[in-house]
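Undergrad: Here's the letter readout for the chains.
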Amino acid sequence: MSAAIEVEQLVREFKKGPRAVDGIDLAVSPGEIYGFLGPNGAGKSTTVLMLTTLLPPTSGTARVGGYDIVHDGPHVRASIGAALQEAALDAILTGREHLRLQATLQGMPKAERVARAEELLERVGLTEAADRRVGGYSGGMKRRLDLALALVHRPRILFLDEPTTGLDPQSRSALWEEVARLAHDEGMTVFLTTQYLEEADALADRVGIIDRGTIVAEGTPAKLKAEIGSPTVEVVPADASEADALAACLEGFGTLARNGRGAVTVQLPGGESQLAEIVRALDQAQLKVAALQLHQPSLDDVFLAKTGRKLEGAGEEDPDGAGDGAGGDGRGR
Amino acid sequence: MQATAPEATGVAASEAALPGAAARELPALAEPSLLEQVGAVARRSVVRTFRQRALLIFPLIFPLLLFAINGSALTAARKIPGFPDVSYRDFALAIPFIQGALFVAVSAGTDLARDIESGFFNRLALTPLRGSALLAGQLGGAVVVACVQSLVYLGVGLATGVGIASGFLGALVLLVLSIVIAFGFAGLGALLALRFGTGEAVQGFFPLLFVTIFLSSSNLPRNLIKTDWFKEVATYNPVSYLIEGVRSLIITGWDGEALALGFGFALALCVITLSFAGAAMKNRLVRT
Amino acid sequence: MRRFVFVARGVAWRSIHNTFANPAIILPSIIFPLFFLAAFAGGLSSISGVPNFDYKPGYTAFQYGFVLLQSSAFGGVFTGFAVARDFDSGFARRLLLSAPQRSGIIAGYAVGALVRWLVTGSVVTIAALLAGMSLEGNGVELIGLLGLGVLVNNVAALWACGVAMFLRTEQAGALIQMPVFIVLFLAPVFVPLHLLTGWIHAVARYNPATAALEAARGFIAGAPVKVALAFAVLAGAIALMSLFARRGLASAERAG
Chain S
1 MSAAIEVEQL VREFKKGPRA VDGIDLAVSP GEIYGFLGPN GAGKSTTVLM
51 LTTLLPPTSG TARVGGYDIV HDGPHVRASI GAALQEAALD AILTGREHLR
101 LQATLQGMPK AERVARAEEL LERVGLTEAA DRRVGGYSGG MKRRLDLALA
151 LVHRPRILFL DEPTTGLDPQ SRSALWEEVA RLAHDEGMTV FLTTQYLEEA
201 DALADRVGII DRGTIVAEGT PAKLKAEIGS PTVEVVPADA SEADALAACL
251 EGFGTLARNG RGAVTVQLPG GESQLAEIVR ALDQAQLKVA ALQLHQPSLD
301 DVFLAKTGRK LEGAGEEDPD GAGDGAGGDG RGR
Chain C
1001 MQATAPEATG VAASEAALPG AAARELPALA EPSLLEQVGA VARRSVVRTF
1051 RQRALLIFPL IFPLLLFAIN GSALTAARKI PGFPDVSYRD FALAIPFIQG
1101 ALFVAVSAGT DLARDIESGF FNRLALTPLR GSALLAGQLG GAVVVACVQS
1151 LVYLGVGLAT GVGIASGFLG ALVLLVLSIV IAFGFAGLGA LLALRFGTGE
1201 AVQGFFPLLF VTIFLSSSNL PRNLIKTDWF KEVATYNPVS YLIEGVRSLI
1251 ITGWDGEALA LGFGFALALC VITLSFAGAA MKNRLVRT
Chain P
2001 MRRFVFVARG VAWRSIHNTF ANPAIILPSI IFPLFFLAAF AGGLSSISGV
2051 PNFDYKPGYT AFQYGFVLLQ SSAFGGVFTG FAVARDFDSG FARRLLLSAP
2101 QRSGIIAGYA VGALVRWLVT GSVVTIAALL AGMSLEGNGV ELIGLLGLGV
2151 LVNNVAALWA CGVAMFLRTE QAGALIQMPV FIVLFLAPVF VPLHLLTGWI
2201 HAVARYNPAT AALEAARGFI AGAPVKVALA FAVLAGAIAL MSLFARRGLA
2251 SAERAG
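Protein chains in written order, with the working numbering: chain S, 1 to 333; chain C, 1001 to 1288; chain P, 2001 to 2256.
Pulled out of the complex, with its shape left as it was, chain S reads as follows (with noise of 0.2 Å):
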C-alpha cells in the first residue's frame, strides 16, 4: 500500500543557521493518523511547510498523495488542507466570509460554495457565529475556523500544525474529538504536530518524536512506552505500621521500591495486566489501602530516554533554537 506521506532525507537549512530539518525519513499510511511530537525549536513547523509546499526543501524528497512536493506543488495543495501554528484568520471578516472566499479560490463553483459554507459551518459548531467578525472569537472558535477553512475543498491529508495551542481544555477535546472522527470515519490522513504528550497520547495511530531537526524515535505510543520500560504501580497502606507486610506481600511480583512515606512501588513486568493478581493477593493478606496508583512509562520518559533530556522545557534549552526558523513567513528571512 503507498504511502500518503512518504519523506526521504529531507533537510532545510537556513542561511547562517544551523539545520533546522536534519535528514528526516517518515512514511504516513493513508488513514493514519502520525503525531509529530517535539519540543519548541525542534523542526516541526519548518517540515511541516515543506511537506505543505511553502517552503523548499535544501535537498530530500518526499510525496504527498501520491505528488513530489517540488515538482508537483499545485497537485500537492490541491490534495491539502493545513490549518498552519497561527489561526491565520481575518479579524474583519466574518466566519462565513472566510468559508466563501476559500470556496471561490479554491475553484469551487458558485451554487456549491454557499452550501458547502454552511455545511462546515454546522460541522464545526460555528452556525450561530458565522456572521460575527471573526475578531470577537474565542481562542477555540478560532481554531475551529481554522480547520473548517483546511476542509473546504475535501482534502484527503490534513497538516495540522499545533491545532490545541492554547486553548482550554474543552476546546481541546472538541477538536480531538473533531481530528479523530475525520480519520477514523473518513478515512482522512491526520498529520498532527504537537509539543502535548498527552495529545499525541490521545490521537495519534503513530508517534514520530523529533529533536534538533532529527527524528529519534517512531512508533506506536504503546510501543515507544513499552520500549522504555514495564509499569509501576504504587501502594500506600492504610495503616503505615503494615507497610512491611505490603512489601512482603507485593515483592513477588517484581522489583520492589520504598520511600519514607511507607509508599511501595513496584515495577511489573507483566505489564498493567498483573494490577488485578495485585489487587486479589492484597485482598488474600487483608491489607488495605489508602491508594493504589498505576504508573505508565510516558512519552516524555521515551524523550529523555533517546536525548536525555525532558520534552518539557527542552525547547527553551537550546539558544539557537535549532529551529523551526518558521516565525514569520517560516522563509527564514
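Please note: incorrect hints may appear among the correct ones.
[Said to hold, decoys possible] Which chain P residues face chain C? A few, computed with CB under 7 Å, are given here:
no., residue
1, 2023
2, 2035
3, 2039
4, 2042
5, 2043
6, 2044
7, 2045
8, 2046
9, 2049
10, 2051
11, 2185
12, 2190
13, 2193
14, 2195
15, 2197
16, 2200
Since the hints were derived computationally from the structure, they do not count as laboratory data. Note that CB positions come from ideal geometry on N, CA and C, so glycine has one too.
Position chains C and P against the provided structure of chain S, taking the given hints into account.
TA: Frame of chain S, contents of chains C and P only:
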C-alpha cells in the same frame, strides 16, 4: 507520478494518486478564472476598508482639513506677483487628491503586510490563487477606495465654490488621473509590504512620502518659488507634475503639456511600482 | 516631596534613555521640524513679497518661530505615544504599582519630553542659523523664547499624558496628535495675523496658540509683543492640562 491534465488540480487529482480512490465520488474542483480570483481578493479588500471606518474617514478628513486651513491661510499668496488669477482655494484643491493617494498607499500596504505577519498570506498561498491576482485584487480594492475619496474631494471643492475650469469632462478626466495616481501609489505600498513584510515598515515610509508632497509645487507655482534649491527639488520631484496635472484641470482648463506630464508621470509610477511589486510578490509567494 | 522627586527622576531617566538609545524614536523628532523649516521657509519664501508682510528678520525667521514651537509641541506629543505604548505593553501597570507617589510619573514623563525638545530645538535653531536666519532678539528675549518653548512643550506633554492615560492604548496616537496639529495650524502659520482673511482670521484671533506664536516671533525680531498674554495663556493651559493629566492618571489607577 500520476500524470494529470493541468486543469485537474482539484481533489480529483489527489484521488487518482491514493489507493481506493476510484470508489470515492467527490466533485472535481477547477482552478478559478483570473477574474474570479481578482474579484474575490478585491471584494475582501473593499469590505475590510469599509468596515474599518477610521481607515476610510481619516484619509477623507485629514486632507480636507489641510485644504480648509491652507486654502484660507494662504489667501495672501494670491498677491504674489505672477500668481494665477484664481482663488487660493482653487489652486489648493489638487493637493487632497495626492494626499489621498498617499493614504491609499499606506492602507494597501498595511493590509498586505498584516496578511503576511498574521499568516493569512500562507493560507492564500495554499490555494490556486496566483500572485498576480492577489496583487491586482489588493490594488483593485485600493482603487475603489480612491474613487470614493476623489469623489468626496471633488464634491467638497465644488461645494466650497471651487470652479473646474475644464468643465464636466475635465472633472471626469481629473477623477481618472487621480485614480491612476492612487493606483501607482498603492503599488508602492504593496511593494513595501511585500519587500519588508511588516506594517511598521510600510508606515515608516509614510512620512518620507508625505515629505515629497511638501517638497513640490504643492503650495506655490514652481516659477514663483524664490529659494533656488527648493525650486530645483520641486522641478525634479515627480509629485510636482502629478499635482500640476490635476491642478491644470481645475484652474487652467485644457493644458496639454500639464496633462501629458501628469498622466505620463502617473503611468510611469504605475509601471515602475507594479513591476517591482510583481517581482516582490514572486519572491514572497514562494511555493514549489 | 522626596518620593515625588524620586519617582519623577526614575521615569524621566527611562524616558530620556529610551528616546536617545533608539534612533527610530529620536530621529523623527529631529527630522520632521527640519523638514517643515525647509518646506515652509524654502517653498513659501515668496510670501515675504506680499504687500504688508512686514516681518523685519525675514521669512526664514518667521517660519523658525512656528517650527520651534511646533517641535516643542510635538516633543510633548511623542512622549504621549510612549506613555500609550507603556500601557499597551503592561509596563505602565508596573510603574503604577511600584511608584509611591504616582503624580511623579506624570512629572517624569514631562521632564523626558522637555529634554527631548531641548535637543530637537537646538538642532532646529542651528539649522535655521545655518540657513541664514537673522536672530535679532537680545539675551533676555532669547531666554523668553526658550521659556515659551518650555511651556508649550509642557502643555503638550500634559495633554498627551492625559489622553494616553485615559485611553491606555497605542491607538490613542491619532487623538493625541490631531488636536495639537489643528490648534497649531489654526494659528498664523504662513503669514502674520493681519494678512489672514476669512474664517481663519477669526479663528486665529482667538486661538491661544496665536499669542504664543506672535510672542515667539516678537522675541526673534527683538520687538516683543503679547508677552504677558502669551505667558498667561500658557500658564493657564498648563494648569488645565495638569488637571487633565491627573484625571487621566486617576482613570488609569481605577482601571488597575
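Undergrad: Against this structure, judge whether each hint is valid.
TA: Going through the hints against the structure:
1. 2023: violated (12 Å)
2. 2035: holds (6 Å)
3. 2039: holds (4 Å)
4. 2042: holds (4 Å)
5. 2043: holds (5 Å)
6. 2044: Status holds, d = 6 Å.
7. 2045: holds (4 Å)
8. 2046: With a closest approach of 5 Å, the residue 2046 of chain P hint holds.
9. 2049: Holds, about 6 Å.
10. 2051: holds (6 Å)
11. 2185: Since the shortest Cβ distance to chain C is 5 Å, the answer is holds.
12. 2190: Interface hint status for residue 2190 of chain P: holds (5 Å vs cutoff 7 Å).
13. 2193: Constraint on residue 2193 of chain P not satisfied, violated at 11 Å.
14. 2195: holds (4 Å)
15. 2197: Holds, about 5 Å.
16. 2200: holds (4 Å)
Violated hints, listed in ascending order, are 1, 13; each of the other numbered hints is respected by the structure.
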